[in-house]
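*Asks:* Chain by chain, the residues:
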Amino acid sequence: MASPEPYRRKAREISLAALFACLWATLVGGCAQNNVFRDGTMDFGSVKTVAVMPLANLSKDQLAGERIRDSFNTMLMASGAIYSIPTGDVARATVAVGVANPAAPSSEEVTKLAKNLKADAIITGVVREYGDVRSGQVSADVISLSLQMAEAQEGRVVWSASSTQGGIGLTDRLFGGGGRPLSDITEKSVNDLINKLFE
Amino acid sequence: MTSSTNFLNKSLLWPALCGLLGCLLCGCAGSAASLRTPDGATGRNPLIAVLPGENLSRTPAPTRTIDAELYAALQKSGLRLVDQKAVDAFLERHWVRYVGGIDQKTAQALKKETGADAVLITGLELFSAAGTPRFGTISRLVSTEKVPKIIWMESVAMTGEDAPGVLGLGMVTDQQLLRKRAFQQIGNSLVRHFSLPPARKRRIAAPGADPLPPFNPGDLAAASGREQRYFTDPSEFSRAWYGADTAPDPAKFKRLLGAIGSPLLPDYAPPAWYGLPDVMEDQPRLVALVPYFDRSTRKHAGEILALHLAEQLVKEGTFGVLEFGVVRDKMLELRVITDDGISIPGIDLLTNSLGADLLIHGKVFDYLDVGEGEVTPPKVDFSIQMFARNSHKIIWSSHSRNKGDDGVFFYDWGRVTTAAALAQRMNRALVQKIVEQVLTY
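Just so you know, the sequences run in chain order A and B. FYI, this note's numbering numbers position 87 of the first sequence as 87, with every residue one higher than the one before it. FYI, this note's numbering numbers position 213 of the second sequence as 213, with every residue one higher than the one before it.
Heads up, some of the hints might be wrong.
Okay, derived cross-link-like pairs now, DSBU-like style, lysine-lysine, Cα gap no bigger than 30 Å in a straight line [to be verified]:
#1 B/Lys433 <-> A/Lys188
#2 B/Lys330 <-> B/Lys149
#3 A/Lys112 <-> B/Lys433
So these bits of chain A aren't anywhere near chain B, every CB distance computed over 12 Å [as the list claims (entries may be wrong)]:
#4 Leu16
#5 Lys60
#6 Gln62
#7 Asp70
#8 Gly80
#9 Pro86
#10 Arg92
#11 Glu187
Hints are computed from structural coordinates only; laboratory data are not their basis. Model, not experiment: these values are computed from the prediction. Backbone N, C-alpha and C define an ideal beta-carbon position, used for all residues, glycine too.
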C-alpha cells in the first residue's frame, strides 16, 4: 500500500502555490492603475498656450468647477512651461464661436476655439467629487476630477488623466479626525494632474 | 564783601524755570500748526471733503451717527474739512447717489464748488452692536486732480475681545468706544501722512542680471587697494574676517529666524502664484482695479477685498492706484462687461482710456466672518490676475486662502478674529510677493 505522505505534501504545495498566485494577482492588479492617456504621436513640447474651458461639475458644491479651474490655471502657469489664456477671453470666444456646451466642446468647436484664441490646445474636465464624504461616524473631504487636452489642429484628445485625493483612510476610521483640509487636497490633486501632464 | 557762586541763585531760578516751561508748552501746543502739506505753497493742510460712508457690512448700521463721529474725530485731529452741509448740498445738487467712489467729473465739480483738494471716502465693512461689539472701516483719500488717484488709505477692524487681558479686564463692551478708537487711528494715520509723506521706494527690475559678475584682473588690483582699509574700518574688517557671504547681517538673521520659526508662524502669502518678471526700468506704474467677481455668500465681499488690495498697493508706494469711482464710471460709459473675467478687448479699452499701465481683476470664493457665538475662524479665499497694457498678458496670477486660526497653536495666541483683519494681512503679503517677484531684483 502506498504511503499517503507524498500525496499530502503535493496537496500542500498546490494549495500554497494557489494562495501565492491569488495574493500576487491581488497586489499586482491593485498596483496596475493606469489612469493617464498620452498620445505617442503628439509633440507636447509645442504646446505653449492653452485655454482651460469651464469644468463640468458633478459634485454637490456649485462652485467646485470654478474653484478648481482657478487653481489649475494658476498652478499651470506657475509651472513656467504653459501660458493659460485668461478666462474672460475664453468666455468671449465661447460665445463668438457658438459652443453649445462649454464643458464638452466637439472637435470642430475645439478647432474653432483654438483658432479664435490662438491656443495650441484646449483643456476640458469634469469634477466628479468635491466636498465631504461620510462613512458611518467618520467624514472627510475628497476631491476627484479628470482633465482632457485636445490639440488645436484636429480637435483630437491627446492627453487625459484623473486624480482622486482625500477621502476616509484607515487612520480616520480608527482614530477619527476630519481628514486633510479641502484646500490642501485640491492643491495636491491639481499638482498631481500637472505632474501627469509633464511626465 | 561776599559773592555767591551758587548756580541755583534765587534771582535766576524762577526766570529759568519759566523759560523752560514756556519752551515745553510751545513744543506741545497743537501739532496741526506745524504740519507740512503736500503742496507747501499755501502752508496749510489740504481742504478735505468728507463723503457720507457706504455701508458694506451685511447688517444695518447707524450711518449718520457714524459719519458725524468720523467728522468730529477728523476735526479734532486738526485737519481742514469742508463744511458737511456744503458737501450735502453739493451731493443733492449733482444728484450723487453712489458714495462708494467718485468719478472724474464729480471730483472736478467738487473742487470747483467747494474748493476741496481731496475727498475722503469711507466704507463700513464690519458692524455689530449686539453681544461683543465689532467695528471695521476702510477709508481712502482721493485727490481732485484731473485724474483722481488714491493718495492715502487705511483700514481698521477691531472687536471688543481683541485684547481681553487678565480676567477679561481689557474687554470692550461699548460699540461707541470701539468706534472712537477706530476713528482716532484713522485720524492719526491721516495726520501722519501729511506730516511725513511717504517717499516712493525706488526699485530696479533686472531679473536677467548675473548676481556674480565674471572675474576681472582689475578687480584684483582694486581688492589689494582695499586690503589696507580692512584694518581701519571695523565693518570692512568684519566682512574680511567672516567673509562677504557670512558677515553678520541683521536682515539675514531675521530671515533665518523666519525660516526656523516658519512652521509655527502663519503664512499669509499665496500658496500658488505665477509672476512674469518685468524687465522695465523703475518707473511709477498706474494700476486700475476692476470690480472683483463675488462668488461668496457675503454681500459686498468683492468690493471689500478690492479695497484691501488697493490699501496695500497705496501703502507700498511703488504703484499709483486709480480711484475706484473713475474705473467704475469708465466701465459703465464704455459698456465693458466682465463675463467670467475680463477679456483682452476690455483690457485695451480700459487701460487706454484710463491711462493705466496695469489692470487687476479678481474673484472672491469665500469671505466668512465669525458670527456671535460661533467658534469657526474667519476664512478668506480669493484669486487675482494682473494684466499689462502693452503685452495684454497676465503678469501676475495668484490664489490666496487663509483662515483666522492659521499658525495658532497656543491658547489662541495670534488668532485673527475678523475677516477684515485677515484680508488685510493676506493682501499685505500678496503685495510684498508681487513686488519681490515682478518688480524687484
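*Asks:* Work down the list of hints and note, for each, if the structure agrees.
*Replies:* Against the structure, the hints come out as follows:
no.: 1; hint: B/Lys433 <-> A/Lys188; result: 22 Å, holds
no.: 2; hint: B/Lys330 <-> B/Lys149; result: 14 Å, holds
no.: 3; hint: A/Lys112 <-> B/Lys433; result: 38 Å, violated
no.: 4; hint: Leu16; result: 50 Å, holds
no.: 5; hint: Lys60; result: 15 Å, holds
no.: 6; hint: Gln62; result: 9 Å, violated
no.: 7; hint: Asp70; result: 5 Å, violated
no.: 8; hint: Gly80; result: 8 Å, violated
no.: 9; hint: Pro86; result: 6 Å, violated
no.: 10; hint: Arg92; result: 4 Å, violated
no.: 11; hint: Glu187; result: 7 Å, violated
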